[in-house]
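Residues per chain, in single letters:
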Amino acid sequence: MVSGHSFSVTVDELVIARAKRGDGEALEALYRTFETPVYTLARRLTRTRHDAEDVVQDTFLELVRSIGSFRGDGSLAGWVRKVAASKALQRLRKQGARFAEEPLPDEFADGSVDGRTATAPLATAAERVDLRTAVEDLSETARAVLWLHDVEGYSHEEIAAMVGKTASFSKSQLARAHARLRNVLAPAVREEPCT
Amino acid sequence: MHLSQEQLLAVRDGDAAAADLAHVAACSACAAEVARLEAVRGALAALPMERPTHDLWPAIRARIVAESSRRHLARAGWIAAAAAAVVTVVVGVRGGLEAWHEARTAHEMKALIGQSQRLERALRSLDPSGHVVSGRTAGTIVELQDHIASIDAELANKGGQGAASPELVNLWQERVRLLDALINVEATRVAYVGL
Chain C
1 MVSGHSFSVT
11 VDELVIARAK
21 RGDGEALEAL
31 YRTFETPVYT
41 LARRLTRTRH
51 DAEDVVQDTF
61 LELVRSIGSF
71 RGDGSLAGWV
81 RKVAASKALQ
91 RLRKQGARFA
101 EEPLPDEFAD
111 GSVDGRTATA
121 PLATAAERVD
131 LRTAVEDLSE
141 TARAVLWLHD
151 VEGYSHEEIA
161 AMVGKTASFS
171 KSQLARAHAR
181 LRNVLAPAVR
191 EEPCT
Chain B
1 MHLSQEQLLA
11 VRDGDAAAAD
21 LAHVAACSAC
31 AAEVARLEAV
41 RGALAALPME
51 RPTHDLWPAI
61 RARIVAESSR
71 RHLARAGWIA
81 AAAAAVVTVV
91 VGVRGGLEAW
101 HEARTAHEMK
111 ALIGQSQRLE
121 RALRSLDPSG
131 HVVSGRTAGT
141 IVELQDHIAS
151 IDAELANKGG
161 QGAASPELVN
171 LWQERVRLLD
181 ALINVEATRV
191 AYVGL
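Heads up: the protein sequence lines correspond to chains C and B, in order.
Residues 1 to 195 in this note's numbering are what the first sequence spells out, letter by letter.
Residues 1 to 195 in this note's numbering are what the second sequence spells out, letter by letter.
It is worth saying that the hints were derived from the structure and are not from the lab.
By construction, the Cβ of each residue, glycine as well, lies at the ideal position given by its N, Cα and C atoms.
Among these hints, one or two may not hold up.
Pairwise CB distance ranges (calculated) [what the hints assert, rightly or not]: (1) B/Ala17 to C/Gly68: 43 to 49 Å; (2) B/Ala25 to C/Gln90: 39 to 45 Å; (3) C/Ser8 to B/Ser125: 41 to 47 Å; (4) C/Gly68 to B/Asp146: 16 to 22 Å; (5) C/Ser69 to B/Ala25: 47 to 53 Å; (6) B/Ala18 to C/Ala161: 26 to 32 Å; (7) B/Ala18 to C/Arg132: 33 to 39 Å.
Please model the complete structure; the sequences and the hints are all you need to start from.
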C-alpha cells in the first residue's frame, strides 16, 4: 500500500511546541513544510487552482486554531493531511458535489470483462501526463476516492466516514475510477478470455 | 469469467477472498490486470507534486492576525466595560473638592473609553479578513496590535486598583491613538482590495 508519500515528513517537536505557543516563525515553518503536499492533495481533489489555494488557507487556519489540542499520539503530518482532505471535500460539497454513484463504463457494466486487454505499466513522461489528464477528467467522486485510497493510503472505511457514505460505495467508486482510467490509458494487447 | 474490477482491486490491496486469489493464480489475464492496477497506483503516487503559483503565507498570516485581533478586541471590550463601571461608581459615591478633581479625571477617562469603544466598533466593521495583505502591512498591523495588547495588560493591571488617575488617562489616550492608527492601516487595506 502506498501511504501518502507526499506527507512523509517528520516535524521537529520543538517547532510544534513553539507553534502551540503561537510563535509566528514556527507557524511559518509548519506552513513551509506542508505547503506543497497540502496544495497537491487539494489540487487533485478540487476543481481549480483557486479552490486549491483556498483549501490551503483553510487548512492552515485550522491548524493554527487547533494545534493546541494536538497531543502527538499520531503524526502531525497525518493530522494535517486529514484536515486538508476534509477541507477539500467540504469545498466540493459547497460547490454542489453530491458524491453520487457514477455508472461504470459500458463494457464494465456487468462487473467483469471478457477478452481482457492488458496494458504495460506506465513508464514514460508522456504516459504520466496522460494519467494526470485522465485523473482530472474523472468525476469529482471517483477522483476523490481514487486519490484518497491509492495515493494517500486511506482505507475504504475512512473514506466512507469522510464523504458520509458506506465502505461499499468507496469500493465501487474506486473500481469505477480504475475502469475509466483503463479505458483512457489502455494501449491494449488483447488476451484470451479465462476458461 | 474474469474477476470484476472491484475483486481485482481487493486482490491488489490484500483484501481478497480466497477464491479470488486462487483465480488470479490460475488466470494470466487477471494476474496481468492486478499488476496493471498496481502500476497505475505507483504512477499516481509518482505524479509530480504541485505548488501554488504564488506565496500564500502572507495572506494566511493576515487571516491569523485578523482572527487573533477579533479575539483580542472582544477581551478588550470587557476591560473597557469594567473600567467604565468603576469610573461611574467612583464619581457617584465621593464628594467635595477632591472628588471634583477626580471627577474631571474620571470624566476625561470615560470620554476616552467611549472613544476607544467607538474605534473598536469601526475596526470590526471593516472586517478585512480573508483579503491578501503585503508582508509589510501585516507587520505594521501586528506591531500595532501587540502594542495595544501591552496597553490592555497595563490597564487590566492598574484598572483593578480602583479610581481614575492621570496615569490611566494617559494609557487610554495611547490606546485611542493606536486604535486610530490601526484603523487607518486596515481602512487602506480594505480600500485597496476593493479596487
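Going through the hints against the structure:
no.: 1; hint: B/Ala17 to C/Gly68: 43 to 49 Å; in the structure: holds, 46 Å
no.: 2; hint: B/Ala25 to C/Gln90: 39 to 45 Å; in the structure: holds, 43 Å
no.: 3; hint: C/Ser8 to B/Ser125: 41 to 47 Å; in the structure: holds, 45 Å
no.: 4; hint: C/Gly68 to B/Asp146: 16 to 22 Å; in the structure: holds, 20 Å
no.: 5; hint: C/Ser69 to B/Ala25: 47 to 53 Å; in the structure: holds, 49 Å
no.: 6; hint: B/Ala18 to C/Ala161: 26 to 32 Å; in the structure: holds, 28 Å
no.: 7; hint: B/Ala18 to C/Arg132: 33 to 39 Å; in the structure: holds, 37 Å
Of the numbered hints given earlier, the model fails none.
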